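Novice: So you can see what is in the structure, the chains are spelled out below.
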Amino acid sequence: MNYGKRNKLIGLRLKRSELFTTLLGQFQKIPFRNSTIKMNYRKRNKLIDKSFKLIGIFSTFIGLILLAYFLVDIFYDGLGRIDLDFLSNLPSRKAEKAGILPAWVGTSWILGLTAMVSIPIGVAAGVYFEEYAKKNRLNNFLEVNIANLAGVPSIIYGLLGLEIFVRMFNLGGSLLTGAFTLTLLILPIIIVATREAVKAVPKSLREAAYGLGATKWQTVWTQVLPAASGGIMTGTILALSRAIGETAPLIVIGALAYVPFIPSTPMDEFTVLPMQIFNWTTRPQHAFLVNAAAAIIVLLFITFLMNGIAIHLRNKWQKKVNW
Amino acid sequence: MGKEKNIKLSSKNLDVFYGDFHVLKNVDMNIHENEVTALIGPSGCGKSTYLRMFNRMNDYIDIFSKKGDVLMDNVEIYNKNIEVEELRKHVGMVFQKPNPFPKSIYENVIYGLKIQGIKNKSILDEAVEKSLKQAALWDEVKDDLKKNALALSGGQQQRLCIARTLATEPSVILMDEPTSALDPIASSKLEDLIFELKENYTIVIVTHNMQQAGRVSDRTAFFYMGNLIEYGSTKKLFTSPKEERTQNYITGRFG
Chain B
0 MNYGKRNKLI GLRLKRSELF TTLLGQFQKI PFRNSTIKMN YRKRNKLIDK
50 SFKLIGIFST FIGLILLAYF LVDIFYDGLG RIDLDFLSNL PSRKAEKAGI
100 LPAWVGTSWI LGLTAMVSIP IGVAAGVYFE EYAKKNRLNN FLEVNIANLA
150 GVPSIIYGLL GLEIFVRMFN LGGSLLTGAF TLTLLILPII IVATREAVKA
200 VPKSLREAAY GLGATKWQTV WTQVLPAASG GIMTGTILAL SRAIGETAPL
250 IVIGALAYVP FIPSTPMDEF TVLPMQIFNW TTRPQHAFLV NAAAAIIVLL
300 FITFLMNGIA IHLRNKWQKK VNW
Chain L
0 MGKEKNIKLS SKNLDVFYGD FHVLKNVDMN IHENEVTALI GPSGCGKSTY
50 LRMFNRMNDY IDIFSKKGDV LMDNVEIYNK NIEVEELRKH VGMVFQKPNP
100 FPKSIYENVI YGLKIQGIKN KSILDEAVEK SLKQAALWDE VKDDLKKNAL
150 ALSGGQQQRL CIARTLATEP SVILMDEPTS ALDPIASSKL EDLIFELKEN
200 YTIVIVTHNM QQAGRVSDRT AFFYMGNLIE YGSTKKLFTS PKEERTQNYI
250 TGRFG
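One line per chain: the protein sequences are B and L, in this order. Read in order, the letters of the first sequence correspond to residues 0 to 322 in numbering that gives the first Met the number 0. Read in order, the letters of the second sequence correspond to residues 0 to 254 in numbering that gives the first Met the number 0.
If you're looking for bench data, these hints aren't it; they were derived computationally from the structure. No experiment lies behind these values; they were computed from the predicted model shown. All clues given are correct.
Simulated restraints on C-beta separations:
#1 L:Lys118 to B:Gly62: 54 to 60 angstroms
#2 L:Ile117 to B:Lys215: 16 to 22 angstroms
#3 B:Asn169 to L:Asn78: 51 to 57 angstroms
#4 L:Ile81 to B:Lys133: 21 to 27 angstroms
#5 B:Trp216 to L:Lys132: 28 to 34 angstroms
#6 L:Asn25 to B:Lys133: 29 to 35 angstroms
#7 L:Gln115 to B:Ser87: 51 to 57 angstroms
#8 B:Gly171 to L:Ile62: 48 to 54 angstroms
#9 B:Lys133 to L:Lys132: 40 to 46 angstroms
#10 B:Asn138 to L:Glu32: 40 to 46 angstroms
#11 B:Trp216 to L:Glu32: 31 to 37 angstroms
#12 L:Asn208 to B:Thr59: 50 to 56 angstroms
#13 L:Ile81 to B:Asn138: 27 to 33 angstroms
Built from N, CA and C at the ideal position, the CB exists for glycine as well.
Just chain L, same shape as in the assembly:
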């Protein structure tokens, strides 16, 4: 893997609770800059919850509470001085099901900028073109930016959601099973895109698809029942896992 890259995100002794339910147990993990980190594990193992810690999406759950630290660029993001809206401009998120706004393609991409109060048309136009190009969608939609986003195919919608996220110029992109609602061709397009994006972004992806984790990620973390069982380079984890549970999971014996 060559030189160790900077640590972008990390958690230290992180415990997460939903009421009495202990969702994440003492998770210690570093996520490196400009890499793709895959989070795998059976349903309910806490991987999505862990992903959502980094843009504080769990704040909306009434019974959520946590212990320990979550850091981005060595700053505790649950600190009182951190504005959660500001944080989310730097940490974008792509969801399981494509969720474009029921508006035009153009409106979708500029939403993140518009809510920051940016109204200058040339800035917005530029951002739309740049983001859509980065998300590999520009050529398909450039002639019809006024088209309703819901009229796009599932794969196009998901790439639009990525473009929408890129428009706010984040440094981290969180992806929560981004291909689970897509057909194989759209999925592979998205994987290519992820591969390209890691040049400039730090990407954390939750996936149920072992092959996908193997293909796109540099490092993989295996979660089981709220514990981080094993974390290391994807190659190593898939070829010679240290833990038997990891071995069993990636070979499909349980989960």
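The following block holds chain B by itself, in its conformation from the complex:
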């Protein structure tokens, strides 16, 4: 009765057999229509899928091809120029005699001094934020802005270094000024890396130390820092490899482009590999461009080596961290 009522309402009066055939007809039609829609839909999705994959491969290859082209070009120009003389000669007005001794010694000095200054400060600040700082507005503000500092253009740090270290502290264009300036540049990176590494240390490890009567400092020094050291080192090495590639801030603080001596104390004036490369590329003679290419290979070698160490440490650390 209810059926009849409803059928009346929607204007259909069908016998049961009629209803059946009608439904069957619908049944036959609809799957067909549906499947064509579905087919189109599927095809489109597959197409999107495929094209995105192609775009992805293409994008990857743009980077790789450009890098490969650059490497091949540099190696073609410069590899033949690298020999013991090139590494052990002072720069010269004659391209064939010129070497990069002061440049790579300067880079080593800068690397060592910057590491010595930036690592203790950066790690201490990172540990402070994670272990000691109360979660209040001031610290929140500081945290956000340290992350922001990592994005400030390097030449601005150069200007800061010029004002503070060269003028206020009268350090001149010395290795010390360079190291301090580059420290400013990479501190934010080290702080952020330290924080991430310290954050990843499980709470249970801290509880174990506290439970045995360790003070906060003892817990941090004997347990948290060793457990976080892999992550800290990875971040620090990447930061340092950025520092030794910098040119702009060092030009601003007055590092020299032509240094016919080897710096022997932190107060000596200096040059670094990127500055030497910059200097040579501005010369018109082709022989100097060859020198620049050779110096670039040396700089790349150092950078790749450092990044390789960082990757190695990261892998080792990730394996160890699953307690």
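Following the hints, complete the assembly by docking chain L onto the known chain B.
Specialist: Here is chain L on its own, set in the frame of chain B:
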């Protein structure tokens, strides 16, 4: 149970808050020397929080606050004169998940002594042997004390954590579900160990395992929603509980 033993730990009108949340409500309880006291109750009833009051582990929670007294040997341990690091040498703790340091077995055991500045090798060696023997681990590891603690099995790791605690010569050991991460065989070994340790130590153990509470403890306290519902000898509590809620919980009807 024979003669009443000395009261080692106690709380008087203890209220604990995490921010606005009232975790423990007016808990009055005495824990006796050289006994095993089990704290039972459903998750979130406050038993772990109560356990952690005795070595002040809750101090690390920013929003923690308390009212009332917590006493050890009749001394208020939240008093300003009490150094929390000193307290923890006397009140050791074993955690839910075995948490050895990622160092050698030897280094793990001497950690508590090393941070006190003890460097004498013969003292340390002696402490390692003594603690590992007490924790029933010595025979399994004595030939390889340089082995990394993380290479031990879960049960061995937990016994190492107990040995590490024993090395600082505490008088109280707090255990927060020490067997929950262990298999049945390792668990029963640990229970045997607890039974042996109570000769010399006062042990407070939080457990979710009723049979375990029944097996190892002399007294049992049942917590529910921050209240201490019932506390008494384990035998009595398990056979003829006074409260219906206790009865329901230990028979597994809720919780």
